[in-house]
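Colleague: In this text, residue positions in the first sequence follow my numbering: the first is 110, and each later residue adds one.
Keep in mind the hints are simulated off the structure, nothing from the lab. Careful: at least some of the hints might be erroneous.
DSSO-like, lysine-lysine: derived pairs with alpha carbons at most 27 Å apart [what the hints assert, rightly or not]:
| id | residue 1 | residue 2 |
| --- | --- | --- |
| 1 | K594 | K617 |
| 2 | K428 | K258 |
| 3 | K362 | K534 |
| 4 | K299 | K114 |
| 5 | K433 | K377 |
| 6 | K651 | K455 |
| 7 | K433 | K480 |
| 8 | K405 | K362 |
| 9 | K258 | K565 |
| 10 | K567 | K635 |
| 11 | K225 | K410 |
| 12 | K505 | K396 |
| 13 | K114 | K475 |
| 14 | K396 | K472 |
| 15 | K635 | K594 |
| 16 | K428 | K410 |
| 17 | K670 | K472 |
| 18 | K455 | K334 |
| 19 | K599 | K503 |
| 20 | K534 | K258 |
| 21 | K384 | K448 |
| 22 | K410 | K362 |
| 23 | K405 | K384 |
| 24 | K565 | K475 |
Every value quoted in this text rests on a predicted model; they were computed, and no experiment measured them.
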Amino acid sequence: MSIVKSIQQATIRSLHSLFENDFSEKDFQINQTKPEFEGDYTIVLFSLVKSLKLSPDEIGNKLGTELLSKQPELFSSYNIIKGFLNVTINDEYWIAFLQKNYHDICFGKQAMNGKKVMVEYSSPNTNKPLHLGHLRNNFLGWSVAEILKANGYEVLKSCIVNDRGIHICKSMIAWQLFANGATPQSTQTKGDHFVGDYYVKFNDAYKQQIAELKNKGMSEAEAEKNAPIMLQTQQMLLDWEAGKPEVMELWEKMNHWVYEGFEETYKKIGCDFDKTYYESNTYLLGKDIVQEGLQKNVFHKKDDGSVWIDLTPDGLDEKLVLRKDGTSVYITQDIGLAKQKYDQYKIDQSIYVIGDEQNYHMKVLKLIAQKLGLPYADDIYHLSYGMVELPTGKMKSREGTVVDADDIVAEMIATAKQHTEALGKVKDFSEEDLKHLYNTIGLGAMKFYLLRVDPKKKMIFNPEESIDFHGFTGPFVQYTYARIKSILRKEPTLEKNNNYSALLPLEKEVIFNLEQFPSIIIEAAKELNPSCIANYLFNVAKTFNSLYAELSISNAESHEKKQLRLYIAVMTSNVLQSGMQLLGIQMPERM
RNA sequence: GGUUCGGUAGCUCAGCUGGAUAGAGCAUCAGCCUUCUAAGCUGAGGGUCAUUGGUUCGAAUCCAAUCCGAAUCACCA
């Protein structure tokens, strides 16, 4: 049980025996005591003043005395300042906590709860390489999956690949027109970048044709519709849907190039999936559900044959679910895929990691599912995250301001290399170990940077600040870990010893922080927010670094103090490691 | 225009189930390596928590209005 819970229960019991009333944890608050006051936790009593008809000081005095006399093993002293009851936790309690948990590498994790969750994330288009925004998505999805696992869920990571549609045909047409048979191999280009280049070439050619048509007197809209390259692309989409062999062959060839590129990137950044869905297989799903909806009168058919749902009573609009030609739209497929996921895996919850520009779409999806009375409707959850922007504004592929995922990862790793070499601490490492270390640090910096802010907020990616490896960063936490490991390599054995003198403030502060780890993991899962973990880990590392600077571990003033600090060091390293693991970040033994 | 989200230090962000003098990091300035890794530590300066009103013992936090910014409202995906 967490210490806050223990204090809550002790307070409830004491209030009951003092005032003969029943209280719950909602009747008072427990906060961390501010550093300028003496104590560990503060019980805020103002809310009890009315019902007890006593002043906060009177309640505080009675409660403080009662707590101390009833549970001397938990509380060692109290004081009251301006109506706040500050209690100090007994050192014995902290030490017992430390001894019990310091070696437990599963500390903070919950037992399996029998619930199954699917986390869908990444969801790339196969017409261009991944960019910075995808990285936020990937790291978020991965981390949320890990956090849910730590909370006892069985987690399935899934990915829907958007591998068909007009955007894919654009790359294909451009390749046919401009490539002269070039391939990733022949040009020494990573497959996804190769295909992405043709997507750009399409847009260049398209723009040029529009300009030409406008010169001939067409309006902008007309020109956009009638540009030959666009007409060709639309024809290709029809051919694809008809399964025309040469189109399918080209499509498969180019997708294959992209997948090779993606695989390399995913491997590099440490992402994987338990199940990959391809839109080319799922885009027809959901049509049967539309029929069902028509029968249930949830949907209605217009004169032209198109099928709609009226969501205006819910404050939304009228939405199309089936085109007049009978083909499905985005939302139709998503309804179908949601059903397939549920049928196939019997999941209890379905989490979609998708950018906040699709908030409306996801709201509609859930609402339609609810109106259809689908059993999984309420278990659809959109984990919406904000866009990644540059200090100069939004990333725009057309203006060439997109930060490419492979580029930025490579840059972070190169920076890690540069720092490591400048510091010269690992000169005895082999080439292979060095490479691994640079990856660990560079990716650690990248992941931490993208995960340390609240997912739902948009974030500014500042290239200069992001390559800083000092302060509130991944390498800072990694460094703290490596320092501890360095000590532990020299001090391998721990003795059992129960003879500890009073805790020094810094010792207590570190233990105090470590104790919160389980609560933080629960909070992170509740909010689906890895930034809780990142902020917490930074705090733990910072506090430990203060202790490290002020107090010697190996040359502690006494044998007992040395043992105690070794316990603290071991537990800190364990918490840092398992916490960073929840963010998908590895820890170096040395750096 | 409707809906949704956001506005906290020069910059990037915490804090938001109401609690004591609003916190970090970066940047700036001043210190600390003959002793466990200085990717570190200690300290200083820096704030009208967008604005106004309300709720109350108490508001960055809750409510309302206003201002500013973003996303979205396709027979695109």
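Colleague: It remains to establish, for every hint, whether it holds in the given structure.
Modeller: How the hints compare with the structure:
| no. | hint | result |
| --- | --- | --- |
| 1 | K594 - K617 | holds, 21 Å |
| 2 | K428 - K258 | violated, 37 Å |
| 3 | K362 - K534 | violated, 47 Å |
| 4 | K299 - K114 | violated, 54 Å |
| 5 | K433 - K377 | violated, 44 Å |
| 6 | K651 - K455 | violated, 43 Å |
| 7 | K433 - K480 | holds, 22 Å |
| 8 | K405 - K362 | violated, 43 Å |
| 9 | K258 - K565 | holds, 21 Å |
| 10 | K567 - K635 | holds, 20 Å |
| 11 | K225 - K410 | violated, 37 Å |
| 12 | K505 - K396 | violated, 35 Å |
| 13 | K114 - K475 | violated, 36 Å |
| 14 | K396 - K472 | holds, 20 Å |
| 15 | K635 - K594 | violated, 32 Å |
| 16 | K428 - K410 | holds, 12 Å |
| 17 | K670 - K472 | violated, 57 Å |
| 18 | K455 - K334 | violated, 45 Å |
| 19 | K599 - K503 | violated, 50 Å |
| 20 | K534 - K258 | violated, 36 Å |
| 21 | K384 - K448 | holds, 15 Å |
| 22 | K410 - K362 | violated, 39 Å |
| 23 | K405 - K384 | violated, 32 Å |
| 24 | K565 - K475 | holds, 19 Å |
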